[in-house]
Structure formats: structure tokens, C-alpha cells
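Protein chains in written order, with the numbering used here: chain A, 1 to 264; chain B, 1001 to 1264; chain C, 2001 to 2264; chain D, 3001 to 3264; chain E, 4001 to 4264; chain F, 5001 to 5264.
Check the hints yourself; a few may be wrong.
[Said to hold, decoys possible] Straight-line C-alpha distance at most 30 angstroms; calculated DSS-like pairs for lysine-lysine:
#, chain 1, residue 1, chain 2, residue 2
1, B, Lys1156, B, Lys1197
2, C, Lys2156, C, Lys2119
3, D, Lys3019, D, Lys3152
4, A, Lys19, A, Lys152
5, F, Lys5013, F, Lys5152
6, D, Lys3119, D, Lys3019
7, E, Lys4197, C, Lys2119
8, E, Lys4013, E, Lys4152
9, F, Lys5197, B, Lys1119
10, F, Lys5197, F, Lys5019
11, D, Lys3119, B, Lys1197
12, E, Lys4019, E, Lys4198
13, B, Lys1198, D, Lys3119
14, C, Lys2119, D, Lys3125
15, A, Lys198, A, Lys156
16, A, Lys19, A, Lys197
17, E, Lys4198, C, Lys2119
18, B, Lys1197, B, Lys1019
19, B, Lys1119, F, Lys5198
20, C, Lys2197, C, Lys2019
21, F, Lys5156, F, Lys5198
Keep in mind that the hints were calculated from the coordinates and are not lab data.
What follows is the residue order along each chain.
Number of protein chains: 6
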Amino acid sequence: MRICFLNPFGTDKYDGIIKEVLSSSLRPGTALEVWHLDAGPRNLDYFAPKQLVQVEILRAAKAAEEAGFDALVIGCLYDPALTEVRELVNIPVIGPLESSTSLTRPFGHRYAIITDHHKAVPELKDRMRIYGTDANCVSVEAVGWFVDDMIKDPMKVADDTFRHVQDIMARTGAETVIIGCTIVSACYELAFQRGDKKLGELSVINPNLIAVKSAEMFADMHRAGQYRISRTAFYQNLQDHDPIEAADVASYFQNQPATAAERI
Amino acid sequence: MRICFLNPFGTDKYDGIIKEVLSSSLRPGTALEVWHLDAGPRNLDYFAPKQLVQVEILRAAKAAEEAGFDALVIGCLYDPALTEVRELVNIPVIGPLESSTSLTRPFGHRYAIITDHHKAVPELKDRMRIYGTDANCVSVEAVGWFVDDMIKDPMKVADDTFRHVQDIMARTGAETVIIGCTIVSACYELAFQRGDKKLGELSVINPNLIAVKSAEMFADMHRAGQYRISRTAFYQNLQDHDPIEAADVASYFQNQPATAAERI
Amino acid sequence: MRICFLNPFGTDKYDGIIKEVLSSSLRPGTALEVWHLDAGPRNLDYFAPKQLVQVEILRAAKAAEEAGFDALVIGCLYDPALTEVRELVNIPVIGPLESSTSLTRPFGHRYAIITDHHKAVPELKDRMRIYGTDANCVSVEAVGWFVDDMIKDPMKVADDTFRHVQDIMARTGAETVIIGCTIVSACYELAFQRGDKKLGELSVINPNLIAVKSAEMFADMHRAGQYRISRTAFYQNLQDHDPIEAADVASYFQNQPATAAERI
Amino acid sequence: MRICFLNPFGTDKYDGIIKEVLSSSLRPGTALEVWHLDAGPRNLDYFAPKQLVQVEILRAAKAAEEAGFDALVIGCLYDPALTEVRELVNIPVIGPLESSTSLTRPFGHRYAIITDHHKAVPELKDRMRIYGTDANCVSVEAVGWFVDDMIKDPMKVADDTFRHVQDIMARTGAETVIIGCTIVSACYELAFQRGDKKLGELSVINPNLIAVKSAEMFADMHRAGQYRISRTAFYQNLQDHDPIEAADVASYFQNQPATAAERI
Amino acid sequence: MRICFLNPFGTDKYDGIIKEVLSSSLRPGTALEVWHLDAGPRNLDYFAPKQLVQVEILRAAKAAEEAGFDALVIGCLYDPALTEVRELVNIPVIGPLESSTSLTRPFGHRYAIITDHHKAVPELKDRMRIYGTDANCVSVEAVGWFVDDMIKDPMKVADDTFRHVQDIMARTGAETVIIGCTIVSACYELAFQRGDKKLGELSVINPNLIAVKSAEMFADMHRAGQYRISRTAFYQNLQDHDPIEAADVASYFQNQPATAAERI
Amino acid sequence: MRICFLNPFGTDKYDGIIKEVLSSSLRPGTALEVWHLDAGPRNLDYFAPKQLVQVEILRAAKAAEEAGFDALVIGCLYDPALTEVRELVNIPVIGPLESSTSLTRPFGHRYAIITDHHKAVPELKDRMRIYGTDANCVSVEAVGWFVDDMIKDPMKVADDTFRHVQDIMARTGAETVIIGCTIVSACYELAFQRGDKKLGELSVINPNLIAVKSAEMFADMHRAGQYRISRTAFYQNLQDHDPIEAADVASYFQNQPATAAERI
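Excised from the complex, chain A in its bound form (with noise of 0.2 angstroms):
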């Protein structure tokens, strides 16, 4: 099985993290592919560029199908694009914001989300309504990192987090706590490979792995004909409207495929 878990950010700096962090938890036959985007801007934290960035994911998921992946991650907890991009290709897409606020049940009665920056507080608030996943969530609040300057001092981030989450468990009776940012959530991961074993004893959601295991499922019942996605509406294909604009608006996806990183 292979699996694209697609860093939407316009540079490689981030790929290694998420390679490493992860490579330990897959499972046996799992191929794990890191891609980011190549054109476009950096960083999608801001409403504007993240338009930008939504283009190019739509390019890098087309490609991602062409090449023959068996399940596309979308490695942001904006989930950028993940509608738009289960509209436009056939193998499933995991957004790591819908599956791991999907399955914080099993985990605690009640949860809260630590995320990156302010700015994407109210965006996941929106998303996690439009989801129907906040009926049990109690908090969404940022620790205060963008990811420029997180990748110069992971273990700060990661011990940063470990206080927020202590904390926030304290003020607001979540029993869990959705990292709620992809390279968050691997400087934690990657604190505690590291050896810092109290990063582990909180109940702390890793989204990063929950949207790969997510992407080995949804495959597996793809494969066996029991991903029945339905295509009469939300996620109806132009294709099934009117193949001719769907062939117009096919060409904008075509031309710049993202680049293979880190192969696990």
C-alpha cells in the first residue's frame, strides 16, 4: 500500500519530521511518501496565500492519483482543500482535522484542541462545525508558534506544548488533546522518540498518524469495494455535470505536479 501524505507548504523543510516521526508507527507494508508543494507560497496560515495553496494541492492530488497512490493525506490541520479535492480524484483523501476530531471518543469523554497560532483558531472552529465534531470538543486554542520558527527549536515547541496541555486539561475538563497542527504534533512526537517519556503519559492525539492509519482504512475499503463515496452532490464530479467544462477546468490541474521527498 502506498500512501502520499502531502506537506501543502511550498518548501521541503518540513518532510523530514513528518518522515521521521511517523516511520515507526506504520504498519508492515505500508509505503509511506512524503510530497510538498513546489510552487505556490510557503505557508498557507493566512486566508489569501492559502487560496494559492488550495490550487496547488488540487494539482498535487491529481498527480498524487496519477501516480498511482492508493490514499492522499492532506498534511495540514486546515485540511486544505479536502472537499474540493475528494470531488476531483477517485483514491481517498484523509484530511487530519475530520478524522482525528472523528475519533476522540475512544480516547476521553470530552476533548480540546492546541493549536499552532492564533490565526487558526477560528478556522478549525469553522471546520470542526461544518464537520459536526465539536459537540464534545471544549477548547481550541493556539500555543503560540508559527512553523518557520518551529522547525528551528522543535524540542521548545514540544515542551511548550506539553505545559498548554496540562494546563488546558486543568481549566476546561478535557480528558484528551488533539495536537492540532501537523508539525506540532511531530516536534512532540519527535521530543518523545527522543527520549522525553512524559511527552507520552498525557492523553495527547497524534493527528499526523491518526489521518495515515485513516488513509490505510479507507483504502483498504476502497480496495475491497466498500468505499461507497457518494457522487450526488457534495462530492459530485464536473465530470458527471458536463464533460466538457470538466475538461476545461481539468487543464488548470495538469501542470505542476508536486515533488517526491522523502520515501519511507
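Assemble the complex: chain A is given as a structure, and chains B, C, D, E and F must be docked to it using the hints.
Frame of chain A, contents of chains B, C, D, E and F only:
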């Protein structure tokens, strides 16, 4: 006062009808220009092409601000790129779904929406849930027309809509109905203006007019220093976080101005 | 255009400040008269006297309609008798709570309300729940002033409010704050107009202005035949059900006109 | 124990039927007096006359407290002036909508309400939303009778209601149904008492009885010092804030006692 | 009237305090027997033992019905086996959480719950969500006592609770507070009865009394043929679906009667 | 990896069909054993027998953990004893209702559930409300079969379900449908596997498979030390609070192991 009504379609075919139905309801002193896009796909009914259109909307919004408009209306009930444009520019930006669903209670106790086609229904429901305007909405349904076909027979669109409005009221208890597509509503008002008076006897909400009147209101408040938009997070501009990155992103939005079409 | 702003207080003490803070933000051609009640209790802070006041508001609304106003603003955030007046008269009627809580999203992602005193808090929460505008509201709190005291020291009211706005934003994540009392908001804007410029730097929503601008909007739509209020149930007038009973009831609302106070 | 059941109608026409249907279900030792109003409009179906009626209810409540009743039932499913009366008097005050919608779960999983006429539907929905009792309610509908007509043919009202109850259960999945109008319910119980036994086989909730039984309960608790109503805000009496103003307001509620009608 | 108050604990240690605090508030003619379980685990704080206890409660309920009681109160705020018992027996069955959270509005606008210990908090929240009584609840918290310890120092429990009530009111805006554990509430009322009068000055809701008064109410209605419980689905007895299977199941509930303890 | 699929029925009649429909969709390396209960009532359709069954489920879960399974699936859409079992054991425990309602969005925008019979409907609604997975669910309905009958004619069950799925989609706008009963779903998949290909063309969600795949996912995460379940409250084991009491309770769950049936 100059208001730009942006038809987010890659064609000038709908500029005329929008101009025609709005001109009689404007207040003296309001100049309305109807713009359309001249790049990207013609339609935004499906999610993948909509992403491309949203980039063009951001470019057109930047152009409208530079052209000195007092406010911008994004002329589609998807409110495409509404949040994104508010982040990017300083003039008031109005989306007809946000403004019309916010102002239903003076029309009646519960409301319904009749939009154009089946693909739009889930998207409208999602956006209303984010806006927090769904509490008094009892149904979102589609009349079953795509814009490319509407323009060929606006009177038939109006007639279908009139019957659907009566039906949805009887079935759901909705007291008032938003005609939830700018072009469907324009067809409806056109038929009314051309003499089909029974159309004016139902409690229907015209989102084109609500949007333009809201644009006037916010432009007035903006001039008076009373549109104190918060720039702390949701609408914070990238410029406030990272001017260098902002300059880089800005370059993406400079080069493809929309074409002004009809000035009222 | 003539708009009646009805101070639902049995005193003329607040007419001046309302006139003063609104006059500079009106559009040319809008004539605003500030009325107050001349019967019933002076204040409507408590529920029992509020019932008496609401009868007087119905009388004043009937008088305002007969005096030819294009729209009526009920000048209190309780929106006292808002639904009742809409049932009784044909001109557009605006309540500042309904209109300001409906229009928060262009100001920010989540909002809070700071009202005058503790007695108002549950009432505002109840009304917002009915309006369906509470989904994006994170807190309703009181600054701790009653109107009788405010008028003696408006600058102190403004200062307390300014500090409470900052505090509520920091505690709750509200990005924008409605000053949820017409007189508290008037004190705030008065202080701002008199030179305390820092008050204008916070994202606060002025419900007096929102209400008057909404009155202009609905009056415009009413003239254009586009305020198609539903008279099927919620706003159905007794006249449509039983003209004889309606005539009997009408007699209760004829005899005590409010007094026009300040014409802008 | 003495309970006052106040018919908030300006007529004695409904006193008899209320007395008749309740008398057999009271516990020994409970004396029930049925009052009506002798000022104000006869009916409170519409919002404007309801305001006038609510002032009369406040007067009647004050009179009932002074007459030494242990509890007051406001005999209409609008719960007119319920909150206002609780603020004004110290004896327990019961509204049949509040009490019956609060006690549905012992009757069934989901419930519906059948009220009298179309005008009542939105008002009931609004009140239930405030009470927080709408979560398990699946529908609020009207059987289509006004009180003035009901009294002429109570058996027909009962029959229409019986059929509507069966229909709403089949359509909506409601397991139990509140007969959401005191007079419709009284007609239903009257027909049942007169021998139409099939009416007793449906799971219908009698709000008149629920209200009277709740009045007994709260009067018992009041006597035992266990009805510890909070007077901090929602039910705070004006007396606690401003005794002088309270004395002034009190004068409005002194002069028009309701007329005692039927003592059981 | 005979009411059985079942302490769902495998010990008689709490029977005395329940009897003591309730006896003075009963109405004349109500005979209250306090039962406890004599099989199964002593406590039901944790989910696994609670399952065992719930089987014993079903047995005790069957025994209580056979013993001729008019109503049964399950004496624990978890409302353990409430729905299950209602399915099994025909007499009214009351759970103190269901009844007390249903009747908060006559006490105040918003309420909070203070339960015994941390393990109870999520369970109470879940049940309230099912009941649909959480809309006006602002917080559920624990005072931090387990029943085994409470009985050793009831005055300390009362004192801790008194302070927590004041604190939760100040922090959350709750106007009234349910003491959300039968034994904590009994300690509170015991301290009050023994002379600590300040405890009676807070707006606290006594769920033991509410439950018993509700039992009286429903028993009265049952006798009058007015407790028309729906047996269509939620409370449908197995007997109505499959008498043979029902007979088999019934055998499980016959053999272990609870022990009657204290008769008031 | 060894997964135990526990049919919570006191019969081995359903073990074969579950084994048959799941075997082709498992991933290599997953060994699935289907267990059933050998004590307690045969069915858990009604609440009282379900309590007895839940005790047996706790015993079986304890036995499964001791038998070395990596994860346990409780094979019924009631998710009987799900929370209780999670409290008691350390291996991951999956309920098909929780997992399937959590993972609907990748299948479509809104979903419905078709369960077996009328008695199940309210229970499923209650559980979904607790899980917080009801926001995107538009209807829960029953196809009208009890398990004892299904096994006699699985093809008829599949056919009835197929038609109900189409009907519910047309009526409610659901884009995807959970077949909300393990045996109904097994009948459906059996018919599909035997060649009724049209059944695979609808967007139906197979909760048996979703549950087993979720069990694989959580077992993988458990092995990797990444299933960090919170033991602070909701899932806190009695052992952590009171080891002596825990030992006493444990004795209840030791003596009646379920019988392993079919190993795939």
C-alpha cells in the same frame, strides 16, 4: 458612493440582468458597477473550479479597491472567497448569503432557501452553519436550474421558483423564502418588473438587493469611522504578521484585473 | 427619509445624547427624530414595569406611523415590544439587539456583548436565542451601570466600558464587542467624539448606528416594494383575522402619543 | 391548599370547562379557584392585545397573592407574563407550557405539540427555545381552532384533536403529544370524561393537569422552605434594586382585580 | 400514597440520612419507605460495577411494584436504570437527575450542578444531553467527595458544598444550583435542619425532594388515569413484542428483592 | 493481529454470517474470531434484557483480553456496554455505531441510518447525541425486522433494505446511509457478495467493516504506544480509585466466558 457588484463568472452574460433588476431600487447617489471575471473557469458550481475562481475573485477585489470603490459585493450565494477577500482588502465586502440569511427575522419567523441546483445545497448549509444563521432556517432546496440555462429562459426560471416558493412554505412552515442564487433571484425580479405581479405577493427575500443595501450601509459606516473591523485574528492581514511574505503573496493578486461591465 | 428613534423611557433625559452621537453618521437626506414616552414608568429594567412600557411603545409606534415616519427604531437593546410592534404597524421596525447581533460577522469571527447591568443579561441571552444569533456569541456580560446614573457621568461609563471590552476580548477570544445598551454605547461614542481616540481603536459595534442604518435600509426596500414581510402567522395583524376585535384592540393604542423631542 | 387557576381571557366563558375537567383529578385538600380577567381584550391570540392582557395578568397575580393563594397557574400555553409575574410576586407561579414541556420524558422519548391555531405556533416555538425544552420536541402544529369557536363545539374540537394526534405520531415519530392549548385540552378531556374512551388510549399530555399538579408541588416546597427561588437577577424584584421606583410601579398593578369565578 | 425511595447501594448506611432529611417535607398522607439493595457491589461510582447494580435495581423495582407502591424513586443522580425500569414496570418511576434538571427554570435563569466526585461529571453531562435538559446548564462540577467518606462527616460535606455553590455562582453566572448527588444533598439539608441557616439562603435545588414530590405528582396522575405513558417504542415492554421471551427474561428479575429499611 | 468480534447474542446463529461477509475484506495478517455469549437472554432488543446482556459482555470482554486479543469489537449497533468495557479493559474496544457515525463525512455530506426495528430508533438517537455524531444525521429509521426473523430470509432483508435506502435518500437528502444493525448489514453484504450488484451502487456504510477496520487501526496505535486513552475520569478504572473494591467487583466478571465460534 460607488459599489462594485462582482459577478464571479468568467463571462459577461449575467451582467445585464443584474444591472436591470437592481437599478430601480438603488438610492440616489449610489453608483453601481457590475463586474465579471475575465480569467479562470466560467462557472463555480463545482468545488475544484471554484478554487480557481476564488483566486480570480481575490485579484478582482484587489483591483476594485484600487479603483476606489466604497464597497464590494461578491455576486454569488456561495459567498465565494468572502472571508479571504475581507482579509485582503480594507473596503467593506458583502456576501449575499451572509447578509440575506442574517436579515430574515424582519421578514418572518422561520425561513427557507431555494437555491439553483443540487450541488449548491450542501455548500449553502455548510456556510450557514459557520455564519450561525441556520437556527431559524427550516429547509434549503434547489429549484433545479444551472446558470447557463437560466439566461436562456428567465421567465421559466421565475415561474418554477414561484411555484417552489409556495410549495416550500406549505410543506415546511417557512414564512419567508430567500431566493438563494443571484441569477435565479434576478430572473424572479425581472419577471415581477415585467408585470407578473403575483410574484411580489409572496414573502421572498431578494439577496441581490439585500447585499447592495448592506454594502451601502457598511460603506456609510466605513466613512464615518464606525466599521471597526477586528484585525486581531480572523481578518488579520498577512501584512500585520510578516510584511515580507505579504509582499510576496501580493504579487499573485496583481496581474489579472476583472473587466468592468455595466455602470448604473 | 424620516426615521423615528424611540427612547422607551418615560423621560426626555436621554434624547440629547442619542441625537448628539448619531447626527454625524447619518447619510444626507435622513431626518432623525428622537422620541421618548410620556406615560408609564420611567425605566424598563425590570420585567413588570417593562410590560407597562411595552404598551406605551405600541401606542408610540402607532403614533409614529400615523405621523408619516418611514421607519421606527425602538431605542433599547431589550428590543422591547419589537415583535408586537411589527404585528401592529406597516412601516419597518428595527430593534438594535436584533440588528446588531445579526451583523457581527463582518466585524469579526466571534463576538461578545457588554450590556448595562446584571438584570439585563438573562433577558438579552433569551432574546438572542430566539433570534438565532447566539451561535457566534461567546459571552454576555454587564458593565454595571443603570441608566439613571450613566447620564450623570458619561465619561466614566465610557472608560469602564473601554476597559471591560479589552478584558472580555482577552478572556473569551471575542474579536468584536457589541456595546449592548443604547445609552452605554452613546456614552462611549460621545467620549470618542470628544477626543478619546483610543476608544475607536477597539472593534466595538455601535448598536444605535447599526439600528438607524438598518432602518434606512429597510425603509429604502419598503419604498421599492421589496420589504415583503410575511403576514401569514408571526407578523399577521389581528385585522386579518377578526376586524371587529381588531377595532376594539386598536382603541387601546390611540390615546397616548409619545412626545417628539429632538429632530436632527 | 388553595390554587388559583387564572384564565387570561376577558370573559368567564371558559371557567366552567376548566373547572369541570380538573375537579376529578385533584388531590384531597386542594381547593382550586378558576379566575378570569375583567379588563383588557377578551383574547390574547395576537401580540398587540396580548401585551394589554399581560398587564392585566400582573394585576390579577398581585390580587391572587394578596388573596392568600398558595400558588398561581396562568391558564394559557403562551405562559403569558410568566417571567414577569414570578418577578413581581412571591408565591409559586406555574405556566402550563413550561411545566408540560419540562415533563415529557416520563411519557415518551420524543414529543410533539398540537396547539390551537397557526398564530400560536411560532410563539410556542420561541418560548420552548428559551426554556430549553425543545431538544426532544419533533413538531409544533395547530389543530386549527380559535377559542371563541371551540366553546361552541367542544366534542368536535376533541375529535379533530384525536385525529391530529394520531397523524402527528405517524408522521413524526413523536411518542407522546402535548395538547398545547388549555381549552383544546379541556375539550379533549371533557369528551374523554363523557365516555369517548379511545381518547384515553393515546399518549397525550394534559397541560392543565400538569400545571395544577406542579402548582401543588411547588406550593408544598414553598411551605417547607424548599422553593429557594433565586432573586439575584432574572427574578430579582425591583424592590431589591430601587424601593422608591418599585412603589411607583406597584401602583399600576393595584386597581383592577380579576374576578373569582368557580371554586372547586 | 406509598412511595419507595430506592438507595441503589449495597448497604443500609445511607437509609437513615435520606429518611431524616425528607420526612419533614412530605405531604400528609404520603408514606415513604427507603430501600437499599442487598446484592451486588456496594457502590456504583464506576461503570462496570454500575452495570451489576442496574440489574439489582431492576429486581428491586419489580419487587417494589409487587409490594404495591404507587411510585418508585431511584435514589441516585445517575438515574441508574431509569429507562430500563420504566420499560419493565407500570408504576411511575422517577430519577432525581431527570426531574431536578427538568424543573430548574422556576428557580432561576441558568443553573449549574455540583455533584460528588470527578467520575460522575461526564456521566451526568451525557444523561442531561439525552434528556434535553442541558440547554440552560452552565457547568457541571464535583465537590470532591465519595459516599463512603461523606457519611463519616456530613457537616464537612455540607460546608464544602456551601462554599462551592457560592463559587460556582460567582464564576459561571448560574443563578441556581442543583446539589447533584443524593447524599451530598442530604448532608446539606441535614446541616440546614440542624441550624446552619445560611445554607437555606442560597438558591439550591434539592433533588431528593424534587424526586419525591415528582413521584407524588405522577402517582396522583397515574391514579387519575392521566399518566398516559407511551408504550409504542421507547418504553414498550418486551411482553408486547414477544410474551415467551418476556417470560424468560422475567425470571432473571424475580429472585433478589431489596430490603425495606426505613419507613417514614 | 487478533481481533475478537463479539456477537452480543445468547446464540451462535449469527456467527456464520458475520464471518462470511467480513472475511474477504480483512487485511492480510488480521485474524478475526467471532464470539457469542453463552449466558443471559438471547436478544438485547429491549432495555431490561439488555442490562443482563451487558453484564455478560463485560465478562466476555474480560475473557477476550485475557485470551490475548489485540482489540475487541462489540458486534451490535447499540454499542452495548461500550463505555463500561473501555473502563474495564486495556485493549482497544470498538462499537460499530460510534465508529460508523464518526466516519460518515468521507462518504457524503449528510447521512441517515436505517436500523432493524422500531425499538432501536430512540436508543440509537440517544447514543448519537452523546457521541456528538448527530449533527450531520438527517434521519434514523427502521427497516422493520427483528434478528430472529432475519436469519431465516437474509435475501428479503437485503431487498427491503435496498429499497428503504433509496427511499430515505430521496425523502431526506441523505447522501449516504449507515445500515444500522450488524445483522441487517450482514444480510445486505451477503446478497451483494452473492451477486446482487445493484446493492453495491448505493452509498451505504457497512458498520461491521468500519468497526473491524477501526479495531485494526486502534490495535496498531496501541502497539505503537499511541493509543493514549485518558484514565482521568470517563475511562478511569475502579482499580485506580479503590483497589480493594476493584478486586471485589472483578470477581463478578470472571466466571462466564463467551464461546469462541468462528475463526477467519
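Cross-check of the supplied hints:
1. B:Lys1156 with B:Lys1197: With a Cα-Cα distance of about 15 angstroms, the restraint between Lys1156 of chain B and Lys1197 of chain B holds, given a limit of 30 angstroms.
2. C:Lys2156 with C:Lys2119: 20 angstroms, holds
3. D:Lys3019 with D:Lys3152: Holds. Lys3019 of chain D to Lys3152 of chain D sits at ~17 angstroms (cutoff 30 angstroms).
4. A:Lys19 with A:Lys152: Within the cut-off at roughly 17 angstroms; holds.
5. F:Lys5013 with F:Lys5152: 10 angstroms, holds
6. D:Lys3119 with D:Lys3019: Between Lys3119 of chain D and Lys3019 of chain D the Cα gap is close to 26 angstroms, so the pair holds against 30 angstroms.
7. E:Lys4197 with C:Lys2119: At roughly 27 angstroms apart (the allowed maximum being 30 angstroms), Lys2119 of chain C and Lys4197 of chain E satisfy the hint.
8. E:Lys4013 with E:Lys4152: 10 angstroms, holds
9. F:Lys5197 with B:Lys1119: 27 angstroms, holds
10. F:Lys5197 with F:Lys5019: Given that 30 angstroms is the threshold and the Cα spacing comes to 20 angstroms, the pair holds.
11. D:Lys3119 with B:Lys1197: 27 angstroms, holds
12. E:Lys4019 with E:Lys4198: The hint holds at about 22 angstroms.
13. B:Lys1198 with D:Lys3119: Status holds; Cα separation ~24 angstroms.
14. C:Lys2119 with D:Lys3125: 24 angstroms, holds
15. A:Lys198 with A:Lys156: With a Cα-Cα distance of about 15 angstroms, the restraint between Lys198 of chain A and Lys156 of chain A holds, given a limit of 30 angstroms.
16. A:Lys19 with A:Lys197: 20 angstroms, holds
17. E:Lys4198 with C:Lys2119: Holds - the C-alpha atoms of Lys2119 of chain C and Lys4198 of chain E are around 24 angstroms apart, at most 30 angstroms.
18. B:Lys1197 with B:Lys1019: 20 angstroms, holds
19. B:Lys1119 with F:Lys5198: Distance of about 24 angstroms is within 30 angstroms: holds.
20. C:Lys2197 with C:Lys2019: 20 angstroms, holds
21. F:Lys5156 with F:Lys5198: With Cα atoms ~15 angstroms apart, Lys5156 of chain F and Lys5198 of chain F stay inside 30 angstroms; holds.
In terms of the numbered hints stated before, the structure departs from none.
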